[in-house]
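Protein chains in written order, with my numbering: chain A, 16 to 261; chain B, 6 to 234; chain C, 408 to 466.
No wet-lab data here; the hints were simulated from the structure.
The structure displayed is predicted, hence computed values, not measured ones.
A couple of the hints might just be wrong.
List of simulated lysine-lysine pairs, BS3-like, C-alpha gap at most 30 Å [stated by the list, open to error]:
id, chain 1, residue 1, chain 2, residue 2
1, A, 256, C, 458
2, A, 37, C, 458
3, C, 458, A, 104
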Amino acid sequence: MATWTWFHKLSSPPHFYRIAGKMIPWYAIPAALLIVAGIYGGLVAAPADYQQGEAFRIIYVHAPSAWLSLMCYTTMAVAAAVGLIWRIKLAHALAAATAPIGASFALLCLVTGSLWGRPMWGTWWVWDGRLTSQLILFFLYLGYMALRSAYDDLQRADRASAVLALVGVVNVPIIHFSVYWWNSLHQGSTVIRKDGPAMPPSMLVPLLMCFAGFTLLYAALACVRVRAEVLNRERNATWLKELSPS
Amino acid sequence: MNPVTTSLGRAAWLVLERDLRLALRRWEQITHPVAFFLMIASLFPLALSPEPSQLRNISPCVVWVGALLSSLLALESLYRSDQDDGTLEQMTLSGQPLPVLLFAKTVAHWLLSGIPLVVAAPLVGLWMGAPERTFGVMMLSVALGTGVLSFLGSVAAALTLGTRRGSVLLSLLVLPLALPVLIFGAKATDLAMRGESPAGAVLLLAAVLILTVTLAPWASAAAVRISLE
Amino acid sequence: MHDFLDMGGYGLYVWPSYGLAAAVLAWNIWSALRLQRIALEHARRRVAIAKSDAERAAH
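The following block holds chain A by itself, in its conformation from the complex (with noise of 0.2 Å):
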């Protein structure tokens, strides 16, 4: 019961406000100093993989880029469904705040991991199970902010991509599943491991500090643009003329 009434307190839009904005340097700064020293640490600190080399450096942005991306998704249709389901804005707010960080982050990943393959396997891109489902999650990014743009009205923006956001994380298995079925069955599988057996503790560390880097990232860089949408959603609340000094 308790734990309810903090849910519904929290997802009242000026309550959410003023915490979000107290909480925007809790998340930034750790972030920060988090991927400044994973990016020194992949750079600089770790050794060169006997097998790949420098190059393998790429992935201290590549991994994180990955898992953020499909981080960002599954947030987007959690907050989608809770908003179709119990009718609150805030998490529709949250999930129209989410795609484009999302998006960007997917073809992050996509270009960093071209530019991975080209010394690797010699080519720009390969078809590979992972770098296309990879692109196809981009794709469903790219639709789903499309349909969010040709609604006028935000409450039916916000409902009908809610609607697309869970049929995409229905399919995204399903997706999964048939990229890799469709790669295994291609001539002789040449998929390269990119993540090697067992990393040493000198290269690991670096990668783990990227990735809570860049989820705590994602958390500030949600708490502001959820608050900007609060602030276009909210027409007229009284609450909102705290915020003009005078």
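Following the hints, complete the assembly by docking chains B and C onto the known chain A.
For chains B and C alone, coordinates are given in the frame of chain A:
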């Protein structure tokens, strides 16, 4: 007839029958996607080469890409006219469960857009020089695949009802979701052509169809209600 | 220093990756802050309009 006493099955049947009858009055709804399918297929030899061995190798790809794009084209007509004349709104107000009515509507759409493509697929196969023994698998996979596309498309078409620029948006929404269908369908035909068993791919396609048929009508119903608000 | 930039011959691939990552991070931060600035500005304007309307009604 008093609508309150109309049973659910009867209501669904009425929707199905009505759509079929309307389509038979306007043949172009059926013939245009098929003509589009044949035209797409004729592009490949022209763009690639008239070399039979090359064409034979890509025949599953041609059949499947063509079928996918043609069924996308047919989706436009799924709700549009019913929205314009208010039929769709009447359906939401009829008191009958909307998912069931939309299910019937989508089945009608599949019969009108999917079956002609199933019939046209072997013709395209002949053009591309695919062996005759693959036609059975080809038709079966196209039948299952267009079923999935109709149901997925019914959700996307309902979502884009309330927007102005519907058609490009519709393709953007459906294509990424339709990729598993393309992969399984093309692979089934390809396996049959190589003389291997296509059972796995066909069963996967059937599984996707069952899942889509079960879930899509609910999403379509939600989307129609949002679009008609 | 030269060795570091060369990245064992892979510098041409490693540095663009990091450059792009920096660009994506920067875009994310910039666009979020821009949205916030615009939203705040609009909200303040709405409040100001509401206030002046109320004052006019009172007169």
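- Message: Please list, smallest to largest, the hint numbers that this structure does not respect.
- Response: Of the numbered hints, all hold.
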